[in-house]
Structures are given as structure tokens and as C-alpha cells.
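Participant: Here are the chains, one letter per residue:
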Amino acid sequence: MRFRLSDDQAALQDAVRDYALREGDAGARRRAFESDTGFDADFWSGLMDLGVGGLACPEDAGGLGLGVTDLALAAEALGYAGAPGPFLGQVLAALAIDRFGSPAQKDRWLPALATGQAIGTVALAEAGDRVRAADWTARLEGGRLSGEKRQVLYPELADITVVGVAGGFALVEKDAAGQTFEALDVADRTRRIGHVAYAETPADAMPAEADAAEALVDAALVLTAADAFGGARRLLDMSVDYAKTREQFGGPIGRFQGLKHQLANMAVEVEPARGLYWYAAYAFDHGAPDARRVAALAKAHLGDVYMQTARAAVEAHGGIGYTWEYDAQIWFKRAMFDFAYLGAPSRHREHAARLAGW
Amino acid sequence: MRFRLSDDQAALQDAVRDYALREGDAGARRRAFESDTGFDADFWSGLMDLGVGGLACPEDAGGLGLGVTDLALAAEALGYAGAPGPFLGQVLAALAIDRFGSPAQKDRWLPALATGQAIGTVALAEAGDRVRAADWTARLEGGRLSGEKRQVLYPELADITVVGVAGGFALVEKDAAGQTFEALDVADRTRRIGHVAYAETPADAMPAEADAAEALVDAALVLTAADAFGGARRLLDMSVDYAKTREQFGGPIGRFQGLKHQLANMAVEVEPARGLYWYAAYAFDHGAPDARRVAALAKAHLGDVYMQTARAAVEAHGGIGYTWEYDAQIWFKRAMFDFAYLGAPSRHREHAARLAGW
Amino acid sequence: MDLELGSEYEAFRQEVAAFLAAHWPPAKETDARAAASAFRERAVARGYLYRSIPKAYGGSEQAPDPLKGRVIREEFARVGAPGELQGPGVSMLVPTLLACGADWQKERFVAPTLRGEIVWCQGYSEPGAGSDLASLRTRGALEGESWVISGQKVWTTMAHLADYMFILVRTEPDAAKHDGISYLLLDMKQPGVTVRPLKQMTGGREFNEVFLDGARTPKDWIVGERGRGWQVSRTTLKHERDTVGGQSRTEDMFGKLVELAKDAQREGQPALASGDVRQELARIEAYVLAQRYSAYRQMSMDLAGQDAGLIGVLNKLNGTMIGHHIANLAQDLIGDAALLMPPQGRGGNRRGDEKWVNQIMGSLGVAIAGGASNIQRNVIAERGLGLPRDGAEGQKGTGA
Amino acid sequence: MDLELGSEYEAFRQEVAAFLAAHWPPAKETDARAAASAFRERAVARGYLYRSIPKAYGGSEQAPDPLKGRVIREEFARVGAPGELQGPGVSMLVPTLLACGADWQKERFVAPTLRGEIVWCQGYSEPGAGSDLASLRTRGALEGESWVISGQKVWTTMAHLADYMFILVRTEPDAAKHDGISYLLLDMKQPGVTVRPLKQMTGGREFNEVFLDGARTPKDWIVGERGRGWQVSRTTLKHERDTVGGQSRTEDMFGKLVELAKDAQREGQPALASGDVRQELARIEAYVLAQRYSAYRQMSMDLAGQDAGLIGVLNKLNGTMIGHHIANLAQDLIGDAALLMPPQGRGGNRRGDEKWVNQIMGSLGVAIAGGASNIQRNVIAERGLGLPRDGAEGQKGTGA
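Chains S, U, L and X supply the protein sequences, listed in that same order. Using the working numbering, read the first sequence as starting at 1 and increasing by one per residue. Using the working numbering, read the second sequence as starting at 1001 and increasing by one per residue. Using the working numbering, read the third sequence as starting at 2001 and increasing by one per residue. Using the working numbering, read the fourth sequence as starting at 3001 and increasing by one per residue.
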């Protein structure tokens, strides 16, 4: 019974959080948020220098050979710090290529993704909430990809895109013909997404049964849940700090029991959910029989918890919390992202119910 | 625009509440609660002397010729006072006979019910949540009634029972053969209910199309909602009074903002719901197109509001609120009654959704 | 109980409709602003607008009758005719001036404000004084014939468009918290005044910060006595209160929510077929109906001079809570449109569901604006339920 | 991260299992109580029970190891073997005596308490002193060689069965609130003590009122110094903490809730087919799993001497909230069984669904007992989040 972080894991998480917080607070987060691209090259390269891109890549590809648990710990740290950039796409692309790629594909992409020399992304969701591998309608035929994908992280920036198709995945390189990008006015400007349409786009196959391909979606759900936990925890801390320092009626507002109880209720919603995302990651890495269900439950629960915490946090701040200039809104919009990315909580609860045979 | 009580209505409601509160606080409520029968003859006869039994009976039957709105106002007052006894069965039986009875049936029963010389009840629900008239399976054939009914108020006490059957209602007199009563260990001991099985029981028909018969269920829903509003309002008042008088840490607990905000939240849930039950009663009396839907919504909403208010009220009282001796538990159990009687809130919400064509 | 207005008011409705048929839209007028002004002047003369304001100051000085007010608003809205102007000048400054202002102030400011010739902004909130408004620190010092004002105001709606500000400033720094404040009028178009828009999380810019650095206003541009500004700012004239109007926005929103649930898909089915969506819609509908008929009750009782009790003090928080419920269900239903910003006056994706993001964020704005929810809870507990003031919060003045 | 216990503990489990196979159930013993006592004695000798208590006082004096404790409890539960006795004597009095008691008190009381030969009840709460325990008013006066005690205690579990009470009484009426209290031991079987059962809303009678009217106890039956009883009552010995055990009841309950949803009917379908029931079950399951794995995390960190942070102070309120969620869904699902009282040790209707009424009411009891939820919220805010004490609540001592 050692359901706790190893020293290495704690050190990793601290390093990622410290870096992302320091650089984020020094301006990287806001710069990315206000920019056209949502991408801060300096911040990103520093993050890659920490080895975050290669956490789950094999050691012979220059990675650390760790699992989704370690990715999730990093995701929590990045969520806490509100870190901008294509982390999620990067590590999911690497995970997909590691699991389903040919030796040549691995050789070509894993070292580059592990070190950050290349940026990767994944294109999973389709219109109509078609998120699960079994529902993907994009087709790869004769080396040509056709279909439309949504919620693609940094689609124009990525050197390599792992596209979910009927029968597995297709690898699409940056400059491949027949790609049409639709930029979106997204709420979460620290993690940009767009639509991509593929029309006879040259692409490389990575075959996988739908059930195996689905594991990539599970990993995405777990990492989103971990980000949500980190963000919710940050909003709690931010609200507590504000309550300690903001003065009204001759003292800090945090002495008023009404607000105290609201912050206590927020803590009761947030902190225990850490155990849920931990277990979802652990179950994924250990191939536990309930891994798929728990990934869905964790995404659903933390999507809700994050969003409601964000609402409560903005309320706890009053007017300032509603402004563009104060950073609470950045986490509010990250909560909106985690809530909706790859499907709202109700979808994943229904999926978990089905998997339970309910 | 006079969506308010007339002077007569206000006087009626005050008279009923004052009587029921005074006698209830003087012991009638607790006596009935602790008794084997849940019936206090003195309290009941005083209530009948106020004319409550005949509010909605025709004037030529000794009633006041008023409508469900006035019954609901009385129900609110009785709910506020936690009044024991067969009020709901009494007025619903009269309503059914007035609407569907033959002249002979009306002559026989309405004057007796209006004055309280007879006690009436209704037997509507059947096992498996078969509450709606279209679902009733009890059969009346050749003057003989067979079937099983549940949630029958004071079944053994009633002189006349209006039983919902396929095709309308059947009137069953107190001593008719073939009735088997199953007493239940009910939570709300101020309003006793039991199961009744009818086996070839002699009974008198009151034909009604299912849709018309359903109006009796609607009336029951509206009156239950009104009772729930009264009860929830009482629990709010009781909790506020307790918070003003109970001292901890050198002053009344009601000065603590945590509790104050909880009581404020309770008030926000409870007080606006008055408008909902008022409109449900008004819509019933005016045959508004949405009358049936609003009856269902009102029962569902107030069932939930009452129950959650009861939970909050017990918590606001602490340990004393959890004792048998303190009266909060009586309203808690009345909330349980209003929640479950004729179906839990979710059933009525689903029904309202269907009626809306959703 | 009666939900009908009754024949008297239906006759009045005919009268208003006839007036509108005659005067709106205007026959042939090219300048829309001038047309609206001319129409408003006629409507005031007929007693349809500014009904609680004396004729001497540009009002129509009618006996209070909320139902007539409601009929007028309904009929005007039906044909899109210009009604009373909105904004802090008409809703806050004018009543205050009528109650506490000097005669010259009423004469100079009221009528032009009602006609929209003068636009006002409100200078109450400060960065360090939100709920605890009376702790404001903007200073005003009398230098010769002028007040000289320095400090900062925030959440100032319309500041970038306003001609004048009515402002609370601390003029008696040695007096007790509530006794050192004066209520001044200030010209916004002067060098000592700098307006900076405050962008909201929605991307909108309805609010401003206003920096005051030696801004000046004449000595007699003070409303009420020196040091009595707190009391002056609390003055509101009794006027026609229509508690029903506020609900209609919620009702519209709920109707759109039902439409959304019909259009939105869940696993290839309309979301409206899902049990949880049906349940939640029915739950919200009950709140909406409860609010609606409580408002009718409150208005009816107000009309009859009866006390409607608790409901008055609950309305804002109740509306806020319903707004949260609607936002939460909408966020579930709109799928990945919840990843987008609300449209800023331009198109979006096909269904345009991201317009609901306005409700997701805006319902929070409502919770915060005009008395945050926790302040509302204090008011409900203390004023509505009669619970004691907490010692630690006793200093907070009126509690609102 | 690892959820397995590891080979060391699996070996220990084998050892415990072998012990149990040899000694439980007892070969041929007619008196069940005697058999249990004899078994417990053996188990103590083997180091399996009362592991934190010195051998001199009847314990087995083992090095703290929560995982071993857990293995023991699991294995004992598996075969139904008698474990440590429960109740306030073992859980509260014994640790207090070991920390603050005189030697003769430890010798006289601890071992018989552990063996169940002496039964204790706790005399803390009073009708006027609930959350604000230190405001207690039961008086104790030293008259010659005896304390003479008068007053009233309430919420006293087991008082009708107890031999003795450990009681807080005010012995120094002129001292400050927390400094005037002494911690005494009192024989319950005497004329000055009257016990009256308190019936709960569930119909159960687990609590009592205890009336003290000149009850007497010897001068030296005081634990710790005179006037230091408040501090004495706050003493708890560090002992093996197993944060996992508390979750299992919730998990069992959730499993039953799922079964209920399968059995219950809605419109002729299993309720489990309804979207709202599925959503709510999945929502609750996430809370249950979150609680479970947070407990594993907390225990693992405790074992490693790491600080698990906020979670420790949240557990009770978290469990309370989950209990509310379960109760609310059950109340919807059981249909008209929610009209009934919970069974008091006898049968009910066919499905027996009214047993869920125990949860509907009992989840409230949990919210109230052992530190009401608002007290928990204070503790979380102040101790967990470091928010300042409110002035008006500053007098409340330890805040718990």
C-alpha cells in the first residue's frame, strides 16, 4: 500500500509546477492568452527542456518510459499553473504513436516529440459529439484521408497530427495537402483549438481496433481530469488568498462565516477528487478492469467540479473576478474547456453507466 | 390583476391556521401523532365546525361552493400547523362525488361530508406507482369491486371511500363486505394511510372518463403542494425562531453568518413556491390549458422543496431537531409524506414533460 | 384571485394603443433621434412617461398606478415606440435631486436628463470599497469656490459617454465613516478626469475605471449638506413599482432553453428525450413559474397596499439562482460550442449555440452586480427574517 | 503508486489467518461471552488487539502499524471473530487515563474496560452546551472527601447500561470559561443519578438524558488537576489510524443503491433505465470512488510520515455530503415505501424498501453527530484553509 507519489514523481510534479507558475506569473500565461496563436515559444521550449514531452515515451526514444500517471501528475501541475500551449496534444500524439505506430513511424516521431523538436496533436472528436473511436467517420483509403475533425488542439502549429479514423489512426504531416483549418474564437485562449477538414489528404495509417484506439480517448479523459483537478485546486487557493487579503468592513473578508463556509464547501468538492483522478490514471496504467469506466467518471466529475468551483471562485472575488485583467477568468475558461472537451460530463456519465451494464 | 387573497380568503386561511395552531400546540397534534389511530376527534370536529369540510361543496349541500383554491389555502394553513387527520381524504371525496356522483349519491354524501357528520377518503394509488386514472386496474363489475389500493388515508375510519377504478370511481361504504385493511407503520403519524384490498366488495359506480377522473388526482396534487408549502414555511419560521433564541458562544446562534446564509437560502427556496401552488390551484379552478401540467410541477417542486427544507431545518436545530420529542420531526415526516404521496417528484416532472410534448 | 387586468385597464390599453397608432412610427421624419424626442414629448404630455416626476421638471406628474405603467410599457414595446430613458441619470440622480437637491439643481439638470440631453454616470464604487461602500477614500477638498477631487472610482457604467458624474467623495476626513461623505456633481469633460474601460471576461466593455486627479467642481454643485452624502445617496423616491417586468427575461431565456434541448443531440437523439434533461427542465420551469406568479402576487398586493412579506427581499437572489440553473443546463446541452467565446456582434458556428456562453458567464455577472449574493443573503436574513446582526459585521452601515 | 499491500503484509495475513483457524470459532464452549473473552485474551497475547496500549494495562504494546491493524481487522471480520471492544470507554476514557490519569486509576480501570468488565458512558454535552461545550453548567463541589455533582447531561450513549461515567463538571465557578472545569469519574449506580432515554425521530433510543442531583464521587476520582478538565478532555493518544475503514460503509450503501435502482420500477421500466437515475448514480459513484482513493492516499502518506494536507479535515463533511446524496436518490427510488418508518427489527412490506428510511433520516443524524456540519466547515476554513477566526466566534475555544 503505497498509494502516494514516489520521490521522483513528487520532484517531477514540483518541477513542472514551479516552472509553469514562475514563468506563467512572469507573463507567459497572459502573453499566450492575449496572443493570436495561444502559443509562447519560450515557455514551451522551457517546458520541453524539463522532459515533459517525453515522460511517457520509451527510453530508447529519449523519453523517460513512464506512464499516464506521470503525465497526469504533470497535467495537474500545468492545470494549477494555467500553463498555455499544446501539452495535451503533444503527449497524446506520442502515446498514440508509441502504442500503434510502425517502427518507422516511431523512429521518425517519438524522439522529436519527446524532446519538443516537433509539436504533435490529436484530432479525435467529430461533429455531433462523436468522440468515441467506434463513432469516428473519418476515412483513410489508399493513403488518403477524408473527413472533418473538431476540437483539434493547435492544428496549424502541429508538425504531426494523429487523426482518429475508422479502423485506427492516420498520421498527417504539417504541410500535407488538402487540409482546411477553421480557427475558432475560443474561450480558453491558453489552449487553442480549431476545426480541421481533410480532403484526400496524404496520410499514413496506424491500424487499431476501435477498442484499442479508444484507449487514447481514455488517456485524454484522464489527463483532462488531472488538469481540471489542478485548476480547481488553484481556484480554491486563489479564492482563499483573496479572502485573506481583501478588506471590507474593517478586516479581511475571509473572517465572514458566510464566505468561510462557501470556501470550505469548495474545498470539500475539490480536494477528494484528487483520489479519483489518481485512481483513473493508475487504473489506466495497470490495465485495471474498470479503467475505462473510471476514466469516464473522472472526466465527468472533475469537469463539473472545476466548472462549479470556477463559478464559486469568481463569486468569491466579486467584481474583480469578472474582469478580463484579473487572472481568475483564465482558469474559468480553462474550466469551460475541461468541461466541454471531448464531451460534457453527462455524456461520460452515461457512458460509464453503460459500461457498468446499468 | 388581483392575484391576491380576497378578504374572505384571508379570513378563512387565518381562521383555519389559528385554530389548528392553537389546538395543535395545545396537544392535539402530538396526541394524534402518538395515538394508535392518528385521529383526534375533538380537533377534527372543531375543524369541521369551521366549515373546512364543505368549502368546495355546493351551497345546497350545506357547503360554501368555493373551489380548489380555497381548499388549497386551507391545506396550506393545516400544513403550517401540522394538523392531524383526514382532511385531504375528506375534501377529495367530496370533490369526486360533487363532480361525478349521481343526484342520489350527492344527496346522500355531500351534506354529511360538508358538515363532518361523515368522514370520507379516496383510494387512488395502486402498486407500482400506478397513480394516474388511466393506470388504475381496480375493477367494478356488476356492483362488485375488486382490486388493491395503496396510500389510502384513514381507510378504516372512513364512512365512505371513493375508489378509483377503470372507467371512473366506485363508492364503498364503511362496512361493506370484502374489504381487507393492512395497517402500516407510517412515518407521518398525523396522516395515517394503509393498503386496502377489495374482493367482490359491494360498491356504487360513479362513471368518468379517465381524463375527467384524472382531475381528482390533479386536485390531490395541488392540495399536497399547498400542504407542503405551509409545512416548509413553518419549518423556516421554526428554524429562524430557534436561531434567535438558542444561545451558543455567548449569544444567539442566529448571529453566525453561516447559519444566517443557510436560513436565507432556505427562504429563497420556500417563499417563491407560494406563487406556484397558488397558480396551480387557480389554473385548476379556471380550467386553464396548463392546469394539469402545473399541478404536476407544483407537486414535484414543493415535494422537493419541503423535503430539503426539512433536512436543512433539522440540521439548523442540531441534536434536538433529531429527537422524537421536539416537533421538527413531525414536519420532517409530513415532508416525507408530501414527497411520496401519489408519487415522488421525478414521476410528476416526467409527466409534466410529456404533457408539454417534450 | 384574478390574473386579468380588468375592464378599466383594458380601456386604458385601448387609449394608449390609439395614441400610438396616431403618433408612432412618425409619419415622415428623417432624423431618428429627433423623431424619438418629439414622440417622447408628446407621450409625456399625455401622461404616459415619467409619471412620477413633477411637470415643472419635465415629468407628467400622474397618480401612481403600476398597472397603468405596465400597460404603457407593454403597448410601447409592442410597436417599438421609445419609452423612458434608462441609465443612472434617470433612475438614480433624478429621484435624488427631486428629494434633496437645491431648486437651481432641479431646474438645471432634471428636464435635460429626462430628455437625454445630459448623460450621467455614477461614482460610488472604488477599488477598495465594494460591498463596504462607505469606506470609500476618494477625497474632496474645498479650495476657494471649488471642490478639488482626487481618487479612483470603478465599475462605472457609461463613464466614457457621460457628461457628468454624481459622485460620493470623502470631504470630512476626520468624521466617522458614514459622516464624512458628500454627494457632488462633476463635469466629466475636464483634464483631471481620465476614463479607462474595464474589459470583462465576456469580452464586453460596459464598465470603466475613472481616475480623478485634481478634478474640480463648483462649491455649490453639492446635493444635500456637506458630510451628509451617505444619507443623500440612500434616498430614493417612491415610484411605480412593477415587480413583474423583471421576470420576463428569465421566461424568455427558459423558452429558448427548451428549444435548445429540442435541437441539441445526445447520442443521436434529441437531448430532450433524455430523462435527466427532462427532469432538469421541469425543475427549472417550476422555479420560473414560481417566480412569475409570486411577482403577480406581489404586484397585486402592492396595488392593494398590502405587505407582500418576504418575497420582495428574495427576488434578486431567486433570479440569480434561476440564472445559474439555466446556465448549467445550457452548458451541458450546447456541446462543444461551450468551448467558444460568446459572439461579439458577429456570426459564429452554424447553430450559434455559443451565444449561450453569454448566459454561462453573464449569470455570474448578475450574481455579482447590484449587491453580491452574499450581501443579498445578509439582507434576507436580517431584514427579511429578522435575524440579529453579527457583531463583526455591525459596522457595515445599512447592510446593503 | 501501488494499491497492493506487499508481501510482508500478505505473510502477516497468513499468520493471522492461521491463528484464527486455530482459535475461532472456539472448539466447544457453551458460554458465548466467556468464549469471546478467552479468545480476546489470546489475541491480545499474540499482539493482535489493543496494540497501542501497554501490556501492564492489558494491551499488547505493539509498534504502530496501521496496515497490520487493517489486516487484523479484515481477517477477524472475515471469520466473525471478536475484535476490540467499541464504545466511549475504550475509545475515549482509556487514552485519556493513559495520558493524564493517576497510576491507581490506570491500574484499576484500564484493563477491566478493555475486557468489557466495566462499561462507561461520556458526560460532556448539556442541553445548553452543544457546539459550545465549554459553556457547560453542571456543578461539582468538594464536600469533605467527595465531589457532589448536580446538573444535566444529554446525548449520553449507553448511559442506561454504563457502570461509570467520565464527566466534565464546573468545579471553579469563578474561573474563566475554559479554566473552571474538572474531569471526574462517577459511579452511575447511585441514587443521585437518573437516566432517561431520548427517543430519536427514527424511533431508536441510543441516547439518554442523565440527571445528576447530588451525585457523589470520591475526591481522588479526578483525572488530571482540578480546573484542568477541559485540557484533559482534549487529550487523545496517538494510535494507529486507518482512514480507509470509514469508507466501507459508504461503499456498501452505494452498492445497495445500485441494486435498488435495478429493482425499482419507473413507468413499468427498471428505474436504472431512466437517464436521471443513471446520471445521478454515476455522479454519486464518482464521489464514492474519490473518497475511497483519497483515503488510500491519506493512509499511504500517513504510513510514510508525510502530510496528506487538507483531506484529513474534510473527511467527515465529505462523508456527510455523500450520505445526503445517497439518501436523496433512495428517497426517489423507493416509491411509497418512503411513507413508512424504518423497520425496528421486524419485517415490513414485500421489498422491504422502507429500510432506506434509515438512511433518509440517519444521514441527517450523521450530519449532526460528532461535530455538526457547520462546525466542520469552521474547522475546514480555519484549520484547513487558514482563514482568520471571526471576531464574534473567537470565544469558542478550540473551534471544534
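These are computed hints drawn from the structure, not numbers from a lab. Some clues are possibly wrong.
What the hints assert, rightly or not - Distance condition first, Cα-Cα at most 30 Å in a straight line; then the derived DSS-like pairs of lysine-lysine:
1) L:Lys2177 <-> S:Lys244
2) L:Lys2055 <-> L:Lys2219
3) U:Lys1106 <-> U:Lys1174
4) L:Lys2256 <-> L:Lys2189
5) X:Lys3106 <-> X:Lys3199
6) X:Lys3219 <-> X:Lys3189
7) X:Lys3199 <-> U:Lys1244
8) L:Lys2199 <-> L:Lys2189
9) L:Lys2256 <-> L:Lys2199
10) L:Lys2262 <-> X:Lys3262
11) S:Lys244 <-> L:Lys2189
12) X:Lys3262 <-> X:Lys3106
13) X:Lys3219 <-> X:Lys3055
14) X:Lys3177 <-> U:Lys1244
15) L:Lys2106 <-> L:Lys2199
Unchecked claim - Sample of chain L residues lacking proximity to chain U, with all beta carbon distances greater than 12 Å (derived):
16) Tyr2009
17) Ala2099
18) Gln2105
19) Gly2144
20) Ala2273
21) Arg2278
22) Glu2280
23) Ser2294
24) Asn2315
25) Gly2352
26) Ser2373
27) Leu2385
Computed from a predicted model, the values in this text were never measured in an experiment. Glycine residues also receive a C-beta, built at the ideal position from the N, C-alpha and C atoms.
Participant: For each hint, tell me whether it holds in the structure or not.
Facilitator: Structure-based check of each hint:
| no. | hint | verdict |
| --- | --- | --- |
| 1 | L:Lys2177 <-> S:Lys244 | 23 Å, holds |
| 2 | L:Lys2055 <-> L:Lys2219 | 28 Å, holds |
| 3 | U:Lys1106 <-> U:Lys1174 | 17 Å, holds |
| 4 | L:Lys2256 <-> L:Lys2189 | 43 Å, violated |
| 5 | X:Lys3106 <-> X:Lys3199 | 35 Å, violated |
| 6 | X:Lys3219 <-> X:Lys3189 | 18 Å, holds |
| 7 | X:Lys3199 <-> U:Lys1244 | 26 Å, holds |
| 8 | L:Lys2199 <-> L:Lys2189 | 22 Å, holds |
| 9 | L:Lys2256 <-> L:Lys2199 | 27 Å, holds |
| 10 | L:Lys2262 <-> X:Lys3262 | 29 Å, holds |
| 11 | S:Lys244 <-> L:Lys2189 | 39 Å, violated |
| 12 | X:Lys3262 <-> X:Lys3106 | 54 Å, violated |
| 13 | X:Lys3219 <-> X:Lys3055 | 28 Å, holds |
| 14 | X:Lys3177 <-> U:Lys1244 | 23 Å, holds |
| 15 | L:Lys2106 <-> L:Lys2199 | 35 Å, violated |
| 16 | Tyr2009 | 8 Å, violated |
| 17 | Ala2099 | 29 Å, holds |
| 18 | Gln2105 | 37 Å, holds |
| 19 | Gly2144 | 47 Å, holds |
| 20 | Ala2273 | 8 Å, violated |
| 21 | Arg2278 | 4 Å, violated |
| 22 | Glu2280 | 9 Å, violated |
| 23 | Ser2294 | 3 Å, violated |
| 24 | Asn2315 | 8 Å, violated |
| 25 | Gly2352 | 22 Å, holds |
| 26 | Ser2373 | 9 Å, violated |
| 27 | Leu2385 | 5 Å, violated |
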